[in-house]
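J.: Sequence:
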Amino acid sequence: MSSVPAVSVPPISDFADWRDYFALLKPRVMTLVVFTGLCGLLAAPGHIHPVIGFTAVLCIAVAAGASGALNMWYEADLDARMKRTANRPIPAGRIDPAAAFGFAVSLAVGAVVVMALAVNFASAALLTVSILFYVFVYTVWLKRRTPQNIVIGGAAGAFPPVIGWAAVTGDVTALPVLLFALIFLWTPPHFWSLALFVRGDYANAGVPMLPVTHGERATRIQILAYTPLLVAVSLLPWAMRLTGAIYGLTAAALGAVFMALAVAVFRNDATDPAAMRPERRLFAFSVLYLFVLFGALVADRWLLG
5 MSSVPAVSVP PISDFADWRD YFALLKPRVM TLVVFTGLCG LLAAPGHIHP
55 VIGFTAVLCI AVAAGASGAL NMWYEADLDA RMKRTANRPI PAGRIDPAAA
105 FGFAVSLAVG AVVVMALAVN FASAALLTVS ILFYVFVYTV WLKRRTPQNI
155 VIGGAAGAFP PVIGWAAVTG DVTALPVLLF ALIFLWTPPH FWSLALFVRG
205 DYANAGVPML PVTHGERATR IQILAYTPLL VAVSLLPWAM RLTGAIYGLT
255 AAALGAVFMA LAVAVFRNDA TDPAAMRPER RLFAFSVLYL FVLFGALVAD
305 RWLLG
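Position one of the sequence shown corresponds to residue 5 (my numbering), numbered consecutively onward.
Derived from the structure by calculation, the hints contain no laboratory data. Hints should not be assumed to be uniformly reliable.
As the list claims (entries may be wrong) - Subject to a maximum C-alpha distance of 20 Å in a straight line, what follows is the list of computed PhoX-like cross-link-like pairs (lysine-lysine):
#	residue 1	residue 2
1	147	87
2	30	87
3	30	147
Could you put together the complete structure from these sequences and hints?
T.: What follows is the structure, given as structure tokens:
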């Protein structure tokens, strides 16, 4: 494990606004995590008391926020060198790194303990693994060392639907495993499309993202290579009769659009971020893709059974 990076920040403010602590949780990322976790819970067979279900989703949200805060604490030196992250609470000097660390650890421990006591141990164990994977495997080990950081680290964001499912059933079966694989394969084209038009930021921070280490062309090839795998895995639940036609037809339609956008990215030779419109469209659609696909999963479960 590498040593904790030295953080150079402006003088710390006397008082941190509550919005700064909220920003530490990476709320935009948390939204997607909470949604996929909730969908995993709603798609699972069986019944869960609404209060227990709410508690499970809340624990997933708090754990995701804690992971994001630990990521910001550890990467404050990188954030300070990147235009799009320089105003985050720690590099901007609005929150002391030690306070951010204590806040994050308290949330992480609290989320796991409440999940274990109020829901079940299976979901608590999965929640623990997801936190540790994101913090130690992705943030500490992979992020600064390899352009495959997003590929392997994508597993961290794939846990929520599995955790939601386990909160209801106490186990993990084929469908949540496929949902895990779907998010795992979705992560590289999603993040690489972003990395293409913010390549300069990653280069300035010394982060070995694929566009920095291998160039734009290699990144576009990798996006195109991952997309058919993503589409195929998204259709497997329907092919295996684990879901019905609502999910299956939605997955097919969304997959066709995703594939078309990936091809457009592949054909674009622009190196100027201002000319990377296909990349921006793919990044924006990839977020919508996951929301709509998981929404269709829940609709399929509740309308078709």
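J.: Hint by hint, note whether the structure agrees.
T.: Cross-check of the supplied hints:
1. Our distance criterion of 20 Å between C-alpha atoms is met by residue 147 and residue 87, whose separation comes to about 18 Å.
2. In summary, the hint linking residue 30 to residue 87 is supported, as the alpha carbons are separated by about 17 Å, within the 20 Å threshold.
3. The straight-line distance between the Cα atoms of residue 30 and residue 147 is roughly 17 Å, inside the 20 Å bound, and the hint therefore holds.
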